Amino acid sequence: AQSVTQLGSHVSVSEGALVLLRCNYSSSVPPYLFWYVQYPNQGLQLLLKYTTGATLVKGINGFEAEFKKSETSFHLTKPSAHMSDAAEYFCAVRVNYGGSQGNLIFGKGTKLSVKP
Amino acid sequence: GAGVSQSPSNKVTEKGKDVELRCDPISGHTALYWYRQRLGQGLEFLIYFQGNSAPDKSGLPSDRFSAERTGESVSTLTIQRTQQEDSAVYLCASSLVGGDNDYGYTFGSGTRLTVV
Numbered sequence: 314a315q316s317v318t319q320l321g322s323h324v325s326v327s328e329g330a331l332v333l334l335r336c337n338y339s340s341s342v343p344p345y346l347f348w349y350v351q352y353p354n355q356g357l358q359l360l361l362k363y364t365t366g367a368t369l370v371k372g373i374n375g376f377e378a379e380f381k382k383s384e385t386s387f388h389l390t391k392p393s394a395h396m397s398d399a400a401e402y403f404c405a406v407r408v409n410y411g412g413s414q415g416n417l418i419f420g421k422g423t424k425l426s427v428k429p
Numbered sequence: 065g066a067g068v069s070q071s072p073s074n075k076v077t078e079k080g081k082d083v084e085l086r087c088d089p090i091s092g093h094t095a096l097y098w099y100r101q102r103l104g105q106g107l108e109f110l111i112y113f114q115g116n117s118a119p120d121k122s123g124l125p126s127d128r129f130s131a132e133r134t135g136e137s138v139s140t141l142t143i144q145r146t147q148q149e150d151s152a153v154y155l156c157a158s159s160l161v162g163g164d165n166d167y168g169y170t171f172g173s174g175t176r177l178t179v180v
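Residue numbers (the numbering used here), protein chains in the order written: chain X, 314 to 429; chain L, 65 to 180.
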C-alpha cells in the first residue's frame, strides 16, 4: 500500500530564507509524486510532479523537489521565501491499480507561514 | 469547460436531510475523484471514477454516501441523512489519464457543507 508522511504540520520561515518542506513516501512500485499548494480559501493547485526521468523537478513560483529513491523522499524547497508563499502544502503519491492509474493519496499537509 | 466546476459552493443543511453535490469535470478528462477536507485536516479520499465506472469506492465513509457519474461527464455525490460530522469541504478533481503519462489533477473550488 502507498502512503505519504509530511514531517511538520506547521513550518515558519522569515522572508528571504530557505523553505524546506519534508515528504516521505511508501510505495511498493515506482511512485508518481506530487506537490500541491492551497492558498487560503482557494482550491488546490499543482506545484510540481515527478513521474519518470530527471529526479530534480522544477515547478511554479520557484519551487523545486528532488526524488530520492534511497531515502524514499520528495522534499520541496525554495531558495528564498516570499510573503505570498504562505499557504498549505500537500505531498501526494499516486496509487497504481495493476498498472493503471488511480487516485492520489495525500499527506496531512504542512502549513507554511512567512514572517516579514 | 475551462476548469472543474462544483456546485453549490456553500450548502447549509439540517441534520438528517439529504444533500447532493455536483461536479462538472474538464471536458475530455476521463478520471474524476472526490475528496473530503475537514477543518484543519488533510484530504480524505472518497471515490474515484474512470469513465462512469468506479474502480475504487474504498473511501466512502458509510452507506449514507454514494456517487455516480454519467459517461465521462458530470458526477454527483449524495449524502443521505446528514450528520454533523459530515461537515467539511468536498473537493472534486479530474484528470486526463493515459498510459505512462500523468497530467496531475485539476481541482474544483469545493463545496463547503455545514450540517446544523
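Hints in this document: simulated from the structure, not taken from any laboratory. Do not rely on the hints blindly, as some may be mistaken.
[Stated by the list, open to error] Partial selection, computed: residues in chain X whose CB lies under 8 Å from chain L:
| # | residue |
| --- | --- |
| 1 | 347 |
| 2 | 352 |
| 3 | 359 |
| 4 | 362 |
| 5 | 381 |
| 6 | 396 |
| 7 | 399 |
| 8 | 416 |
| 9 | 417 |
| 10 | 418 |
| 11 | 419 |
| 12 | 420 |
| 13 | 422 |
All figures in this text were calculated on a predicted structure; none of them were measured in a lab. Even glycine gets a Cβ: it sits at the ideal position worked out from N, Cα and C.
Quick rundown of the hints versus the structure:
1. Interface restraint check for residue 347 of chain X: the shortest CB-CB distance to chain L comes to about 6 Å, inside 8 Å, so the restraint holds.
2. Among the interface hints, the one on residue 352 of chain X is violated; its C-beta lies about 11 Å from the nearest C-beta in chain L, farther than the 8 Å criterion.
3. For residue 359 of chain X, the interface hint holds, since its Cβ comes within 8 Å of a Cβ in chain L; the closest pair sits about 5 Å apart.
4. Here the hint on residue 362 of chain X is kept, as its CB sits about 5 Å from the closest CB of chain L, short of 8 Å.
5. At a threshold of 8 Å, the smallest CB-CB gap from residue 381 of chain X to chain L is about 19 Å, leaving the interface hint violated.
6. Violation of the interface hint for residue 396 of chain X is found here, the shortest Cβ-Cβ separation to chain L being roughly 22 Å, above the 8 Å cut-off.
7. With 8 Å as the threshold, the beta carbon of residue 399 of chain X stays out of range of chain L, its nearest partner Cβ sitting at about 16 Å, so the hint is violated.
8. The closest approach between the C-beta of residue 416 of chain X and any C-beta of chain L is roughly 4 Å, which is under the 8 Å cut-off, so the hint is satisfied.
9. The closest approach between the C-beta of residue 417 of chain X and any C-beta of chain L is roughly 7 Å, which is under the 8 Å cut-off, so the hint is satisfied.
10. The restraint placing residue 418 of chain X at the interface with chain L holds, with a minimum CB-CB distance near 7 Å, inside the 8 Å limit.
11. Residue-level restraint check for residue 419 of chain X holds (minimum Cβ-Cβ distance to chain L is 4 Å; threshold 8 Å).
12. The interface hint given for residue 420 of chain X is met, as the beta carbon of that residue sits about 6 Å from the closest beta carbon of chain L, less than 8 Å.
13. Against a cut-off of 8 Å between C-beta atoms, the interface hint on residue 422 of chain X holds, since the closest Cβ of chain L lies about 5 Å away.
Consistency with the previously given hints fails for numbers 2, 5, 6, 7, ordered from lowest to highest.
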